[in-house]
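> Protein chains in written order, with our numbering: chain X, 113 to 464; chain C, 378 to 650; chain V, 378 to 650; chain L, 71 to 340; chain D, 71 to 340.
Just so you know, these hints were derived from the structure itself, not from any lab.
Careful, some of the hints might be misleading.
To be verified - In silico DSS-like cross-links for lysine-lysine, where the CA-CA straight-line distance does not exceed 25 Å:
#, chain 1, residue 1, chain 2, residue 2
1, V, Lys579, C, Lys564
2, L, Lys325, D, Lys88
3, D, Lys88, C, Lys541
4, D, Lys88, C, Lys564
5, D, Lys191, L, Lys325
6, L, Lys324, D, Lys324
7, D, Lys291, C, Lys564
8, V, Lys564, L, Lys324
9, V, Lys564, C, Lys541
10, D, Lys324, L, Lys208
11, V, Lys564, L, Lys325
12, L, Lys324, D, Lys88
13, V, Lys564, C, Lys579
14, C, Lys541, C, Lys564
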Amino acid sequence: YVVLDSNDGDGATNVVYYTVVPPASMKGALAAGQIDGYIAWEPFVSDSVVGGVGKVLEWSEEIAPNHPCCVVAVHNPFVSDQEGQELAARFMRAHMDATDWINAAMADKESAEYDLLKNISVEFTMRNESVVEEALQHMQFRYVMDDQFSTALENFTGMYMDIGVVDEEKIAGGGYENVTDFIDHYVNESYLGLATSVEPSDTILNPDSAIRLGFLLGDIHQLAQAVASSTDVLVNGKSMFEDYGLNVENAIGAPFANGGAVMDAFAGGYVDIGYLGSPPAILKHLNAEIDTTIVAQANSEGSAIVVEAGSGITSLEGLAGKTVATPGESSIQFLLLKMALQWEGMELKIKT
Amino acid sequence: MKSIVRLARGVMSRNWRRVLLGGLSIAVFIGAWQAYSWYLNANDYGYAAYIPYPGEVAEAFLDSFVTTDATGLLMMDHIFASLKRIFLGFTLAFVIALPAGLLMGSYQTSEGLGMPIVEIFRPIPPLAWIPIFLVVLGHLWGPVAIVFFGIFFPILFNVMLGVKRVDPILIDAAKTLGAGRQHIFFKVVLPFTTPYLMTGIKVGLGIGWMCIVAAEMVGQYGGGVGYYIWAMNEFSLYDYVFAGIAVIAILGILTTGVAGQIERRLYIWMGMK
Amino acid sequence: MKSIVRLARGVMSRNWRRVLLGGLSIAVFIGAWQAYSWYLNANDYGYAAYIPYPGEVAEAFLDSFVTTDATGLLMMDHIFASLKRIFLGFTLAFVIALPAGLLMGSYQTSEGLGMPIVEIFRPIPPLAWIPIFLVVLGHLWGPVAIVFFGIFFPILFNVMLGVKRVDPILIDAAKTLGAGRQHIFFKVVLPFTTPYLMTGIKVGLGIGWMCIVAAEMVGQYGGGVGYYIWAMNEFSLYDYVFAGIAVIAILGILTTGVAGQIERRLYIWMGMK
Amino acid sequence: MDGDEVNIRMENLLKVFKEDTREIVALKGFSLDVVDGELVCLLGPSGCGKTTVLRIAAGLETKSGGHVSVSGEEVSGAGPNRGVVFQEFALFPWRTVRKNIEFGLEIKKMSADEREAISSKYIDLVNLEGFENVHPQKLSGGMKQRVGIARALANDPAVLLMDEPFGALDAQTRNLMQKELLRIWSATKKTVLFVTHSVDEAVFLADRIVVMTARPGMVKKIISVALPRPRERTSADFITIRSEVLQVLEAEFKKTMMREMSDGGVEHKA
Amino acid sequence: MDGDEVNIRMENLLKVFKEDTREIVALKGFSLDVVDGELVCLLGPSGCGKTTVLRIAAGLETKSGGHVSVSGEEVSGAGPNRGVVFQEFALFPWRTVRKNIEFGLEIKKMSADEREAISSKYIDLVNLEGFENVHPQKLSGGMKQRVGIARALANDPAVLLMDEPFGALDAQTRNLMQKELLRIWSATKKTVLFVTHSVDEAVFLADRIVVMTARPGMVKKIISVALPRPRERTSADFITIRSEVLQVLEAEFKKTMMREMSDGGVEHKA
Ligand SMILES: Nc1ncnc2c1ncn2[C@@H]1O[C@H](COP(=O)(O)OP(=O)(O)OP(=O)(O)O)[C@@H](O)[C@H]1O
Ligand SMILES: Nc1ncnc2c1ncn2[C@@H]1O[C@H](COP(=O)(O)OP(=O)(O)OP(=O)(O)O)[C@@H](O)[C@H]1O
Ligand SMILES: [Mg+2]
Ligand SMILES: [Mg+2]
């Protein structure tokens, strides 16, 4: 057995081992003792907490307060003309309204809106109400992209440069002076600005060519998209998208498995606007030259390191020599885990 | 009369025996499954949900055909999505592999030209192409190409083998009966190769199934039974995951069953059975 | 002397021909690839990066063996991770399928009991199990089990076939030479079945490769060439994705090459070639 | 020959094959005694039951009635005291010539040295020196059957049962092997029951020729061949006996033909 | 027979096979004329080149020297004016009896009606009525070879080339087929060149028997068989000719044996 698990037993006090496990399998793998902990986004955190399998060791806001998570990106060819820009502005308006509506509903847990929010979440994530309620507590729904947001994205880019998956050449090759310049160009707040002047419309602007929307399967971070699609939120029986004169449909392939898949779908030309994690949006844009722009934030925070409920692990040091599952090196969760461990002077190594 | 009765009894008893053994074995299997699920649940294993009870799976199976899932589709939609991909991939593979195999089996020059390319692509598991094909070929032809790669080589190699095994004496016989190159090809080589082709098709379809499920699990192309399994797993609906697996098993049995039937008919028609 | 020279010339010219054709075909292939990449880039296709130039892939291939990637591993580490899984899965499949095949080939009762279970599991593409195995069996035995399922059936069915094809006259011969049941089994049935077993192993290893790559891509796990391809794709480092594909192709060729060599040796030793 | 001891005794053999609904009576009232050291040839039309007689004597087939004993013991199952030589050679392809010949000795748990001594002896006897370590696939048909004979003899059986052993050989090799068999037979003094289709072969080899009736098989006529050995195929005596046997056989053959015609003409699959 | 027209003329044939480094001279100075309507049997030790002669005449094998003409035309490649009957039957397994027989007619682009008329005629000739729609696999060896003969005849060739056509049949079926061949031959009046291993068969069938030397093959002796047909195998004249042929053959056979022994004893693979 020692031979089989070659790097299991070296017992270093400052090394944590990671495997890559699809988040949906993390709770089960933890329960079955296949891993000692994991880092994932909601609702995969609350799944374990509510299910009594795991407990949260550290929320992502403790690691990096206000860290950006999911974003909204557009395919540049889509907004290359007047009509595309108009559609994107209207979309932004729906995104903002939906986000505001969520926050309002969350503010009053007794309200009918909160009940509706829970219903939409249950339907979107296929989780039960208690998991959904727990999950909603641990993230911020927001669309504004402030300096902190940009700085964080620069930070992520820097980390990728550190592990060698993004090199200077790519930045320079894209015509950017440095990372800051790159993020400045890649993030475009103007649609949020345009959105403020969008009014509800009785006619659909794009009746024949729907906006093809990409998003991740059951990812509660991207709830705004589910709210904006729901016909139960507005009193007029339309969805927010429809209310702003938009014809929006799920892109072929949506809901997707992860942000990389959304970016691939951009590259393949069958997604116009997509919700996805910020790291894949950066990575694939740089390395595969996928012609996209980040136009809004979707949420910040909302991830956590989870360990077995009954385990005696109470701090990151307790993870030394243990195996922690991550969604993969290109995920924000991986970066968060790496950051957290770095601050404790610990190292993250792959388990083979 | 007497002997007919005896025969009937003999056949019956043989069939009875088989049915009995089969029933017994399936009963034991389901019993063991039930017991394992029960054991996990009773002892509060955190992953008990991953092994649902047989009954739950049966219910989910039936439900999946009448209730739309979270992606808004019925099981039939997923099945058709997968079948369409298999069908296209198979057709493409057949249409290219058959002439290529005939050519490469017949002429050393074609073989010399074709084999290096074949030898480059053959050992690559078709699924390794998923990330590339998804984007470059798109959501329809991407998975079709993956199925194509799974089916292409078994057909190609079997046809080549068939052509090379053509009994030279049959070609001699045809020649002495006045046959030219074309006649030999269409009246001797092609019919001789048919059983090999069928073997290639059967093997290929098996691999094709494997490919399509995996392709749909890794890449999202919109629907498909593999996609269904992936999605149900993401939602932690394990009874539906198992239902999806059952659907695949049944489709696999049907596909090879149909191929087997065609093969049998063909053999009877060709006087080989 | 003269005829030796003539022979040498004949062999040379035949080999030359093959080398020439092979070189030509590979040159055409690489040329076409280069042209396609160039075309995509020149016309600013959105997915041009997904088809890197052959030269970039060659560079990435070499680099992957000397520079650690984002996971902190060298290509060799990934190769060993995959090989370990194949090896364990193969060993397990061999150890179970050989006796099971011998038993089910020899006795109708074992066949009657075993076949229904086999027929339930066989049509299920091994990869469909990933969501379940990942949790229930974990990051070592999960992928191993998937490889196991890929290799098990080809071995089982080939061994069963072998046992059923044992020439009855050889058993008669053994009986008249005084052989009892045990002797017949070990001295006739087992050696007779060996070539079938080898066929099963060769086919199984091919499917095993396909399974491990897919399993590592779908289930991820950590380490392994399939995982490498998945990770490099997530990073959009397509030259490295292709390098990973090339590694798999080479490993696949080596594995079947080694199996073929073993088979050939065995046949020579058994006097069958 | 009358004074000699009977080695193979078959009394009133009955053999019925069940095939789906049909019952085929292959043998009915077949009786034959073969004396120690005698070489008896069994001749008869296709499908008359020659192989069945041999297989029952070998213990490879059960009888439906009657008695068979070899060397005084009732036959029940195959055993090493009756060596069998098959038309299909039935050599183990994965074993070398020597290993094929030693098969029965291995089963007797004989030591490697003893085995080698015995197999060498029989390799010499059948003129296969130099081919000890060759696999059967490399041998010509005649050589294969020599191995088959050596393998059967290595067990030192009381009797040799040979079912058209030279049927798969070409004419010249066949003649050669007939001579070889006589040489080996006279060297080992085994009792031999030899099935053949060839009248020529029977007359060349046999002490007595047993001609069987068409199915259900029984003994139609026994013809003694009192010619001295080596026999000349072109000698007048040889030809006389040959003609006699041919005539007896012709009559039975016609019966088979008639039946086959009325069966629908399909003989048996090639 | 001297006054008749020569149909198959072979002059000074040379055939050299190249096998890796070795060159095998299969035929050297082989000359033979076969007259129109004649039935000539070719006999000779194994490997003497009988098949090679036939295949060259059929146009299935190139010659290294000499001349071959059939019906006055120089042979260059296979063609439908020479029907060939193979020992291995060489029937197309996926075609029914009728479809096998019509193969050559299809190639001639004959209409379906014409084809059916001709195939029916030959099905009658070889006594296969009722088996028209059966596939070869269902037939016995004898019936298969009847199809082979009918197929060759359906093209109405000038000559029939037969390479041990009855070699794979058992003794009784073989005798029957010999009689059938003579009946068909006298009905169609084809020129027949017939290769066999069996002296008996040759004497029973042939107008003339050509005995070949061991390799390199050439004509050793030509024996005319002036017996009236049907011939009696047990008649004195038959036996006299048989003995004569046997003696000529025996000498050549011994040569082959000697060479094979010195070659290392491995004959050819079975
Ligand atoms: N296992 C069997 N099942 C059914 N019928 C059988 C079986 N074995 C033999 N028979 C039948 O029994 C009869 C005698 O067969 P057997 O093989 O002994 O004849 P044979 O004299 O050896 O024929 P041949 O000369 O063709 O070898 C035949 O009619 C045959 O069809
Ligand atoms: N394709 C070939 N390549 C090399 N040698 C060959 C080839 N065909 C025949 N020979 C050789 O030529 C010689 C004559 O062969 P051929 O088949 O004509 O003999 P045969 O008289 O028909 O023998 P048999 O009686 O065994 O049928 C043999 O020594 C044989 O080994
Ligand atoms: Mg028999
Ligand atoms: Mg020949």
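> Would you mind marking each hint as holding or not holding in the structure?
Hints, one by one, checked against the model:
1. V/Lys579 - C/Lys564: Measuring from Cα to Cα gives roughly 34 Å; hence the hint is violated.
2. L/Lys325 - D/Lys88: With a Cα-Cα distance of about 51 Å, the restraint between L/Lys325 and D/Lys88 is violated, given a limit of 25 Å.
3. D/Lys88 - C/Lys541: Distance ~22 Å between D/Lys88 and C/Lys541 Cα, so the pair holds.
4. D/Lys88 - C/Lys564: At roughly 31 Å apart (the allowed maximum being 25 Å), C/Lys564 and D/Lys88 break the hint.
5. D/Lys191 - L/Lys325: Distance ~29 Å between D/Lys191 and L/Lys325 Cα, so the pair is violated.
6. L/Lys324 - D/Lys324: Between L/Lys324 and D/Lys324 the Cα gap is close to 38 Å, so the pair fails against 25 Å, i.e. violated.
7. D/Lys291 - C/Lys564: violated (42 Å)
8. V/Lys564 - L/Lys324: Violated, at roughly 45 Å.
9. V/Lys564 - C/Lys541: violated (34 Å)
10. D/Lys324 - L/Lys208: holds (23 Å)
11. V/Lys564 - L/Lys325: The hint is violated at about 44 Å.
12. L/Lys324 - D/Lys88: Given pair L/Lys324, D/Lys88 is violated - Cα atoms ~49 Å apart, limit 25 Å.
13. V/Lys564 - C/Lys579: It is violated: about 34 Å lies between the C-alpha atoms, which goes past 25 Å.
14. C/Lys541 - C/Lys564: holds (15 Å)
Hint compliance for this structure: hints 1, 2, 4, 5, 6, 7, 8, 9, 11, 12 and 13 are not met, and every other hint is.
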